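Listed below, chain by chain, are the residues.
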Amino acid sequence: MNILVLLRMVPDVVEELEIAPDGRTLDTEYLRMIVNESDDHALEQALILKERKGGKVTVLALDAPDVDDVLFSAVAKGADRVMKIEGGDGGVTTRAAAGMFAEIIRNEKDLQPFDIVLTGVQAIDDLDALVAPILSHRLGLPYLAIVTKVTPDATGKSVTAIREFAGGVRGEFDVPLPAVLGIQAAEKPPRYVPVAKVRAAMKTSKIESIGVPTMADGGQPLLDVSHMRKPVVSGHAQMLDGEPEDVSKKLAGIFTERGLL
Amino acid sequence: MSGNIWIVAEQWRGKLSEITFESLALGREVADGLGVKLQAVLLGHDVQNLSTSLGMADSVIYVDHTELADPGASAQASALAQLVRQQKPRTVIVPLTNVSLGTGTLLGEQVGAPVVNFCKDLRAADGHIVADCVLYGGKIEATVTPRGDLTVIGLWPGSRPPDKGRSDRNPPVETQTVTFADQPSVKLRSYIEPDASDVDITQQDVLVAVGRGIQSQENVALAEELAASLGGAVCGSRPVIDQGWLPLSRQVGKSGLNVKPKLYLALGISGAPEHLEGMKDAPLIVAVNSDPDAPIFNVAHYGVVADAMDMIPTLKETVLALRG
Ligand SMILES: Cc1cc2nc3c(=O)[nH]c(=O)nc-3n(C[C@H](O)[C@H](O)[C@H](O)COP(=O)(O)OP(=O)(O)OC[C@H]3O[C@@H](n4cnc5c(N)ncnc54)[C@H](O)[C@@H]3O)c2cc1C
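For the protein sequence lines, the chains are A and B, in the order given. 1 is the number of the first residue of the first sequence in our numbering; add one for each residue after it. 262 is the number of the first residue of the second sequence in our numbering; add one for each residue after it.
Just so you know, the hints here were simulated from the structure itself, not pulled from any lab data. As the structure is a computational prediction, the values presented were derived from the model and not from experiment. A hint or two may mislead.
[To be verified] Below, in silico cross-link-like pairs of lysine-lysine (DSS-like), each with a Cα-Cα straight-line distance of 27 Å or less:
#, chain 1, residue 1, chain 2, residue 2
1, A, Lys50, B, Lys448
2, B, Lys381, A, Lys230
3, A, Lys157, B, Lys448
4, A, Lys53, B, Lys577
5, A, Lys250, B, Lys541
6, A, Lys249, B, Lys425
7, A, Lys250, B, Lys521
8, A, Lys249, B, Lys577
9, B, Lys381, A, Lys149
10, B, Lys523, A, Lys249
11, B, Lys276, B, Lys425
Okay, chain A solo, but in the shape it has when bound:
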């Protein structure tokens, strides 16, 4: 199978996020960027497919701080080819990012023919679009979201995919290839790769650089963000301070009051 995986970097929200002085964007100075979690699952699902069916995994990423580490670690995990879209001014919207991916997949002849495009179902900064549906529309391919398992069918012309609905209900789908899937979770948690292997990948492999493609609409944003803020809520939790013993006593008191103990 010829598998394309699309990766984007997003801010690590475990860190504190600061708003930039313009009041409309995040202050990038202190941001730590990590790979979008569901994109990482998309990579893992691609590697699992390759192990089962053979083939090639090509990873395409947008340039961002620390993306090289992510791409080399993809190689260390088993990706065959890693590419980076360079030269943008950063901070593109999801819709523009998806547009770039679509143009490159369409125009880079050596990416074709491909069987399947896997990317994360959603990212925490998807304000103006999701990547997979834009891609499916621009490439004219079938689309399925919230996928948690992909199994190749014997014919090689389709895959069986499991997608999530609500309440723990899932659906089994027949997906004709080529197709675009928004991966929620791979069948197994993303594999761990030792730092030594990543270092080795840095020495033996190369990240191919691709320029930002021209897009029909210039990738212009269709939304204006007038204001960003940290949520202010009326019902913020009452905070309990103290050593674990004191806090436990307070909590036990609350539970008793509520008739829970």
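Fit chain B with the ligand to the known structure of chain A by using the hints.
For chain B with the ligand alone, kept in the frame of chain A given last:
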């Protein structure tokens, strides 16, 4: 142009979803604010009877087609795009649920309209639409104004109480037809029902919920002991289930279950919108998180900034001592 507000009435397996009523309540406010009509769009196969519950809208647009029988973003979006081109609404509100995910982006793409994703609230201001959106896993909110005459809104669950969107009125129904291009598409083969043999977390009075902050399967076992001391069960957020530390039947949230125990004790859960959806209505929510900015504290009643692993054994001992 009609300039009306549309809400997409989500139905799944023959039933209207709660978010349909939340959207109706919100859409009603916005339509009234702009002085335009609110219309509900119902797509499906043999589900016209559901339109009688959509009386909060001024009218219902109903499309019946076998291609719309099963949920699928591509068919839904294609049908909506055809209707939008004919009738020119100003705003189309599409639910951000696991049933409809992707429909909004595809619709915006097909009709060339901006999409405002992750919307939690919407209002009319000076004849325009202004949206408040939740980004970065709940850590940031943004106020957004779309450009152009038509906007697609992706609406999170929970924007309004669903009961505000219910009405006894029987709305007029306009039936429309759409066509589908003959091209390869995904097909639902069958549903996989959840495993019913495990503990039913929707029936528990006390739930101890563990998130990624629990760090290991061994620590999940400690949380299980705490849950047992409180006479409850343990459940978890998505990463804990994806790691295989708890079965899918224990997942709370968008893809998992909606729970409303008397006590929801969240340990190492950040409080992403997809998780909050499943537990925000519990009458007592206590959160333990090492990050004072964790969004879970915005819905919790009591919060503790601490390492969950310090709290679990002490709280268990305190509870056991009280129980004698
Ligand atoms: C379509 C879709 C459906 C989804 N459905 C669901 C769903 O059903 N349920 C669900 O839960 N999620 C769902 N998600 C995922 C959701 O977006 C979040 O990624 C997920 O809820 C995060 O889980 P978490 O809070 O455990 O992890 P994180 O967001 O990683 O948070 C971990 C938290 O633990 C804290 N922490 C770390 N160490 C400690 C410690 N020692 N002590 C205390 N605290 C600590 C951190 O400060 C952090 O706040 C869905 C996502 C999508 C796109």
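#### Entry: Satisfaction of hint between Lys425 (chain B) and Lys249 (chain A), Cα-Cα up to 27 Å
violated, 40 Å
### Query
Keeping to a limit of 27 Å between CA atoms, is the pair of Lys381 (chain B) and Lys149 (chain A) held or broken?
violated, 30 Å
### Pair hint outcome, Lys53 (chain A) versus Lys577 (chain B) [Cα-Cα no greater than 27 Å]
violated, 49 Å
### Query
Hey, Lys157 (chain A) versus Lys448 (chain B), does the alpha-carbon distance stay inside 27 Å?
holds, 14 Å
### Query
Holds or violated: Lys381 (chain B) with Lys230 (chain A), Cα cutoff 27 Å?
Distance ~14 Å between Lys381 (chain B) and Lys230 (chain A) Cα, so the pair holds.
### Query
Lys250 (chain A) and Lys541 (chain B): Cα distance at most 27 Å?
holds, 22 Å
### Query
Does Lys577 (chain B) lie within 27 Å of Lys249 (chain A) when you go C-alpha to C-alpha?
holds, 11 Å
### Proposed proximity, Lys249 (chain A) with Lys523 (chain B) (alpha carbon, max 27 Å)
holds, 19 Å
### Message
Just to be careful, I want the Cα atoms of Lys276 (chain B) and Lys425 (chain B) compared with a cutoff of 27 Å; is the pair within it?
### Response
Distance of about 18 Å is within 27 Å: holds.
### Task
Sort out whether Lys448 (chain B) lies within 27 Å of Lys50 (chain A), counting only the CA atoms.
Within the cut-off at roughly 24 Å; holds.
### Task
Would you mind confirming whether the straight-line C-alpha gap from Lys250 (chain A) to Lys521 (chain B) stays at or under 27 Å?
Judged against 27 Å, a Cα distance of about 23 Å means the pair holds.
Violated hints, listed in ascending order, are 4, 6, 9; each of the other numbered hints is respected by the structure.
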